[in-house]
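Work out the full structure: start from the sequences and follow the hints.
Under this note's numbering, think of the first position of the sequence shown as 1, with each following residue one higher.
Accuracy of the hints is not assured; some may be wrong.
Claimed, not checked - What follows is a set of in silico ranges between Cβ atoms, one per label pair, in the way DEER data are often shown:
1. Asn163 / Thr131: 22 to 32 Å
2. Glu132 / Ser174: 41 to 51 Å
3. Gly160 / Thr139: 33 to 43 Å
If you're looking for bench data, these hints aren't it; they were derived computationally from the structure. Small disclaimer: the values here were computed from a predicted structure and weren't measured. Beta carbons are placed, not taken as given, at the ideal position from N, Cα and C, and that holds for glycine.
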Amino acid sequence: MKIFVALACLLAGCLAQRPHPCESPPLLTGGFSFAQNDDLFGLGKYLYDAIGERIRVFELVTLDNQTFTYDVLANYREQVLYQINEKDKTCQKSPLKANFMPLGVPPGSSLVAQSVLGNQPNIGRFMTTVTEFGCVPVTFVYQLKPYGWMHVSYFDNVIGITNPDQLNPPSFCSDANTMTHEEPVDFMSLFQPKN
Numbered sequence: 001m002k003i004f005v006a007l008a009c010l011l012a013g014c015l016a017q018r019p020h021p022c023e024s025p026p027l028l029t030g031g032f033s034f035a036q037n038d039d040l041f042g043l044g045k046y047l048y049d050a051i052g053e054r055i056r057v058f059e060l061v062t063l064d065n066q067t068f069t070y071d072v073l074a075n076y077r078e079q080v081l082y083q084i085n086e087k088d089k090t091c092q093k094s095p096l097k098a099n100f101m102p103l104g105v106p107p108g109s110s111l112v113a114q115s116v117l118g119n120q121p122n123i124g125r126f127m128t129t130v131t132e133f134g135c136v137p138v139t140f141v142y143q144l145k146p147y148g149w150m151h152v153s154y155f156d157n158v159i160g161i162t163n164p165d166q167l168n169p170p171s172f173c174s175d176a177n178t179m180t181h182e183e184p185v186d187f188m189s190l191f192q193p194k195n
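Shown next, in the form of structure tokens:
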């Protein structure tokens with residue numbers, strides 16, 4: 001009987017250790033870097049608002065030995081993507097075709113591996129790594145068929161957003177017309193090299 005109780009406790013302990021789906025904090029700010037196929041490298045800052053379904057990205061991208069800057073605001077509720085140029089005070093507004101995908105581990109995911117760091121829809125195939133406590137993103141690797149694999153590393157993550165106004169389009173964007181004749185863009189493919 002004691003062996004049965006010990007085995008039941010061991011089984012319960014093992015099942016409790018099984019990773020489970022989680023959602024990251026609804027408001028996050030941090031930095032990230034990404035790389036793809038030795039051709040594309042980027043470094044930037046992000047603001048993530050799961051409540052309002054908005055993401056703002058400021059990045060410096062190197063592609064084929066040329067450097068570009070991007071400032072993009074994706075508003076998934078309105079299905080609009082803003083490409084913002086603060087220097088020239090211009091804004092390009094495009095339809096957004098993707099649904100909002102919260103950061104974290106989605107339901108139905110399968111465990112690939114578990115690791116310990118420090119002290120104890122449309123995207124295609126992907127793998128994500130989050131912290132055990134808080135479900136804060138660490139890495140995100142995804143594949144888009146025309147472009148290959150992209151690896152994103154997150155750092156300096158902070159729960160909350162110090163300047164929520166950055167998740168609204170600047171005032172000079174109010175005059176921008178949506179480019180309805182354009183094919184709706186996918187947020188992830190926006191930063192990929194064009195063929």
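Which of the numbered hints are not met once you compare them with the structure shown? 3
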